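Protein chains in written order, with our numbering: chain A, 761 to 934; chain B, 2 to 458.
Warning: the hint list may mix true and false statements.
Said to hold, decoys possible - What follows is a list of derived Cβ distance ranges for each label pair: (1) B:Ile299 / A:Glu848: 55 to 61 Å; (2) B:Gly70 / A:Arg882: 48 to 54 Å; (3) B:Tyr185 / A:Phe817: 19 to 25 Å.
Stated by the list, open to error - Computed far set for chain B versus chain A, every beta-carbon distance over 12 Å: (4) Leu66; (5) Leu355; (6) Ala413.
Stated by the list, open to error - If the Cβ cut is set under 8 Å, some of the chain B residues that face chain A in the computed set are: (7) Asp24; (8) Ala172; (9) Ile186; (10) Leu235; (11) Val246; (12) His446.
Hints were generated in silico from the structure; no laboratory data involved. On a predicted model such as this, the values are computed, not experimentally measured, just so you know. For each residue, glycine too, the CB sits at the ideal point set by N, CA and C.
So the chains spell out like this:
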Amino acid sequence: MSALLVAEFHEAGALTTAARAATSAGLPLADAFSPFPIEGMAELLGETSTRLRIWMFVGGIAVAALAYATEVWSAVYNYPIDSGGRPEHSWPAFLLFPFAVGIFGAALTGFIGLLVKCGLPRLHHPLFEINGFERVTQDRFMLALHAPPADADKRSAVDWLKQAGADNVWELEW
Amino acid sequence: MSSRDDRAKEALRWIAPAGRSIDAVNAIVAAPLLERQRWSWRTWWIAFAVSLALTGAMAISIAWLLIEGIGIFGNNTTVVWGFPIANYVWWIGIGNAGTLISAMLLLLRQHWRASINRFAEAMTLFAAAIAGIFPILHLGRPLYFYWLAPYPNTMALWPQWRSALIWDFWAISSYILFSLLFWYIGLVPDLATLRDRAKGTMARTLFGIFALGWRGSARHWHTLHIYHMTMACLGVPLVVSLHSVVGLDFAASLMPGWAETIFPPYFVVGAMYSGFTMVIVLAAAVRWGLRMQALITIEHFEVMAKMLLAASTIMTLSYCTEWFTAWYGGEGAERRLVVYAFTGDYRVLYWLMLVFNCVIAQAFWFPAARRSIAAVVTIGILINVGMWLERMTIVLNTLSHGYAVSMWRTYAPTLWDFLLLFGSLGFFALLFLIFCRALPVVSMHETRRLLSAEAQP
Numbered sequence: 761m762s763a764l765l766v767a768e769f770h771e772a773g774a775l776t777t778a779a780r781a782a783t784s785a786g787l788p789l790a791d792a793f794s795p796f797p798i799e800g801m802a803e804l805l806g807e808t809s810t811r812l813r814i815w816m817f818v819g820g821i822a823v824a825a826l827a828y829a830t831e832v833w834s835a836v837y838n839y840p841i842d843s844g845g846r847p848e849h850s851w852p853a854f855l856l857f858p859f860a861v862g863i864f865g866a867a868l869t870g871f872i873g874l875l876v877k878c879g880l881p882r883l884h885h886p887l888f889e890i891n892g893f894e895r896v897t898q899d900r901f902m903l904a905l906h907a908p909p910a911d912a913d914k915r916s917a918v919d920w921l922k923q924a925g926a927d928n929v930w931e932l933e934w
Numbered sequence: 002m003s004s005r006d007d008r009a010k011e012a013l014r015w016i017a018p019a020g021r022s023i024d025a026v027n028a029i030v031a032a033p034l035l036e037r038q039r040w041s042w043r044t045w046w047i048a049f050a051v052s053l054a055l056t057g058a059m060a061i062s063i064a065w066l067l068i069e070g071i072g073i074f075g076n077n078t079t080v081v082w083g084f085p086i087a088n089y090v091w092w093i094g095i096g097n098a099g100t101l102i103s104a105m106l107l108l109l110r111q112h113w114r115a116s117i118n119r120f121a122e123a124m125t126l127f128a129a130a131i132a133g134i135f136p137i138l139h140l141g142r143p144l145y146f147y148w149l150a151p152y153p154n155t156m157a158l159w160p161q162w163r164s165a166l167i168w169d170f171w172a173i174s175s176y177i178l179f180s181l182l183f184w185y186i187g188l189v190p191d192l193a194t195l196r197d198r199a200k201g202t203m204a205r206t207l208f209g210i211f212a213l214g215w216r217g218s219a220r221h222w223h224t225l226h227i228y229h230m231t232m233a234c235l236g237v238p239l240v241v242s243l244h245s246v247v248g249l250d251f252a253a254s255l256m257p258g259w260a261e262t263i264f265p266p267y268f269v270v271g272a273m274y275s276g277f278t279m280v281i282v283l284a285a286a287v288r289w290g291l292r293m294q295a296l297i298t299i300e301h302f303e304v305m306a307k308m309l310l311a312a313s314t315i316m317t318l319s320y321c322t323e324w325f326t327a328w329y330g331g332e333g334a335e336r337r338l339v340v341y342a343f344t345g346d347y348r349v350l351y352w353l354m355l356v357f358n359c360v361i362a363q364a365f366w367f368p369a370a371r372r373s374i375a376a377v378v379t380i381g382i383l384i385n386v387g388m389w390l391e392r393m394t395i396v397l398n399t400l401s402h403g404y405a406v407s408m409w410r411t412y413a414p415t416l417w418d419f420l421l422l423f424g425s426l427g428f429f430a431l432l433f434l435i436f437c438r439a440l441p442v443v444s445m446h447e448t449r450r451l452l453s454a455e456a457q458p
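Make the full structure from the sequences, and use the hints.
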């Protein structure tokens with residue numbers, strides 16, 4: 761069960777200002793929605809993790825290692841062919857296959873990691889119930905706060921958001 | 002702050018007044034997809050019919066090839082490569098450019114890429130896929146192409162890992178799949194915009210499914226940004242390795258004129274050169290056909306013309322290096338090959354190639370030439386022809402004039418060679434025409450971000 765207060769803004773600048781002010785006022789930010797990435801917004805939300813890169817590195821290395829192992833095993837152990845006295849384990853010639861598939865492995869790991877981290881695909885989300893939420897992929901900006909449990913606090917938070925320049929404020933529970 | 006001021010200035014430079022608001026960008030890019038009735042689409046249908054006919058020619062020539070074998074081509078026992086391999090190298094060069102341009106410009110923070118990266122990446126996918134067909138068709142026994150893959154089989158055999166053909170197979174397949182991910186992840190926010198703008202249920206459902214439920218969350222933007230930048234960092238070496246491997250198909254041999262260490266980098270630059278010309282042609286087509294004048298401006302053509310000029314200079318230097326090493330190396334066959342290129346059976350092709358690749362791009366020293374779309378497109382097409390001639394002459398000269406004099410033979414293409422070449426061009430056009438009507442050709446979210454610099458405090 762989550763309860764959110766979602767405020768709509770006209771401009772990216774107003775959204776950032778309100779988000780900064782909300783953090784200083786002690787209102788807990790939940791998320792922000794915008795038609796393009798806004799600099800500094802992820803940091804305000806405490807979202808600074810770059811762990812996806814580590815996963816991509818691990819995935820890439822794992823796929824490359826598997827590819828290299830396949831080459832060595834098949835060319836040295838399973839079916840060695842003496843081709844003009846060339847070494848069976850021709851490591852320089854063996855590097856290209858692991859390199860190419862390793863990069864693809866990293867890309868695929870990152871893609872899956874991105875979907876997992878973002879919780880996508882999720883074709884329907886309760887936020888889509890908000891009338892006008894379709895504008896955040898076009899030209900509007902929204903800020904979501906965790907709604908305080910007490911009604912009085914909630915009302916003051918709504919007032920605070922309107923003061924901060926919000927055009928509309930919705931309350932959303934699911 | 003200064004970076005933001007720079008971005009605001011950038012936005013004014015790269016976007017014409019008609020596109021300088023977020024909603025204008027959305028409307029311009031979405032119009033061909035969501036307001037189809039505003040267009041007559043007559044030119045589109047004519048182009049579609051022509052490219053469909055050419056695709057039919059390609060299908061027929063492939064079918065005839067599978068029935069008759071590669072004897073239908075002009076290839077002979079000396080010139081074993083001919084059109085199919087030259088076409089392959091040419092197409093893969095074009096296929097290289099989209100991701101190379103997109104990833105490199107992203108890493109170099111060239112914000113103008115927002116107007117061209119989407120269709121350049123689509124071009125990459127189509128061209129690389131077409132390129133992949135040619136070596137398979139050229140195999141002689143195309144139905145056994147899957148022997149390139151390592152899989153447990155009743156013959157207990159494995160691929161020959163030292164072979165450049167195997168490297169090619171993995172480099173191309175990894176590259177196509179990589180490019181598909183790179184392209185798709187950049188599309189997701191735009192698909193969400195289209196989902197939210199679409200009026201019809203069908204369009205909304207389809208765009209909605211492929212948008213994966215994107216909702217513009219700042220957390221998602223952050224993750225997407227990390228992924229996109231990391232992909233760009235991985236993409237540049239992958240692209241460079243891909244065309245280097247194509248260069249190694251030649252350089253790893255022992256033939257005069259091929260076994261040269263300059264081949265891998267020289268092929269990479271050549272790929273960027275021909276790919277950029279294709280981007281220019283497509284940019285002009287998209288700009289005019291889909292009314293993107295506000296987003297694809299003269300400034301874009303000017304800066305791409307400068308890239309062509311730089312690439313042309315590097316190509317010229319590469320040719321000179323080839324001639325120099327042939328002379329300086331002192332090998333008789335190498336020296337005779339250079340003389341043969343200039344004066345032999347294919348001299349017309351060679352001279353034309355030099356004119357197209359080295360000389361005509363010099364026009365771009367003049368701003369008037371860079372700022373005329375007609376001039377940039379014409380020169381671009383000629384350069385692309387020149388790059389095709391380059392691949393032809395690399396294949397033909399060396400194979401016709403190898404070490405064994407008794408083996409010298411010339412090559413003449415057949416009707417089927419030409420049908421397959423022009424058919425593949427038609428197939429490329431067909432795929433691109435369909436892409437233009439199905440997906441946004443310019444990246445809306447990146448253009449919005451470029452514009453946002455003005456609006457932000």
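Notebook entry, point to check: Does isoleucine 186 (chain B) meet its interface restraint, that is, does its C-beta lie within less than 8 Å of any C-beta in chain A?
Noted result: 7 Å, holds
Margin query: Is the claim that leucine 66 (chain B) lies outside the interface with chain A correct, judged by CB distances over 12 Å?
Written below: With a cut-off of 12 Å, leucine 66 (chain B) remains clear of chain A, as the shortest Cβ separation is near 28 Å.
Item checked: Interface hint for aspartate 24 (chain B), Cβ within 8 Å of any Cβ on chain A -> 5 Å, holds
Notebook entry, point to check: Is it true that glycine 70 (chain B) and arginine 882 (chain A) lie within 48 to 54 Å of each other by Cβ?
Noted result: Hint holds: Cβ distance 52 Å, inside 48 to 54 Å.
Check: Given leucine 235 (chain B) was flagged as interface, is its beta-carbon under 8 Å from a beta-carbon of chain A?
Finding: Since chain A brings a Cβ to about 5 Å from leucine 235 (chain B), closer than 8 Å, the hint holds.
Checklist line | Residue hint histidine 446 (chain B), partner chain A, criterion CB-CB below 8 Å | finding: 5 Å, holds
Note to self: Just want to verify: alanine 413 (chain B) was marked as not at the interface with chain A; is every Cβ pair farther apart than 12 Å?
What the structure shows: Non-interface label stands for alanine 413 (chain B): nearest chain A Cβ at 35 Å, farther than 12 Å.
Notebook entry, point to check: Does valine 246 (chain B) pass the interface check with chain A, least Cβ-Cβ distance below 8 Å?
Noted result: 6 Å, holds
Item checked: Cβ distance range 55 to 61 Å for isoleucine 299 (chain B) and glutamate 848 (chain A), holds or violated -> For glutamate 848 (chain A) against isoleucine 299 (chain B), whose Cβ atoms are near 59 Å apart, the range 55 to 61 Å holds.
Margin query: Less than 8 Å between beta-carbons is the criterion; does alanine 172 (chain B) satisfy it with respect to chain A?
Written below: 5 Å, holds
Notebook entry, point to check: tyrosine 185 (chain B) and phenylalanine 817 (chain A), beta-carbon distance inside 19 to 25 Å?
Noted result: About 22 Å separates the Cβ atoms of tyrosine 185 (chain B) and phenylalanine 817 (chain A), which means 19 to 25 Å holds.
Checklist line | Interface exclusion of leucine 355 (chain B) relative to chain A, criterion Cβ beyond 12 Å | finding: 32 Å, holds
Comparing the model with each numbered hint stated earlier shows that all of them hold.
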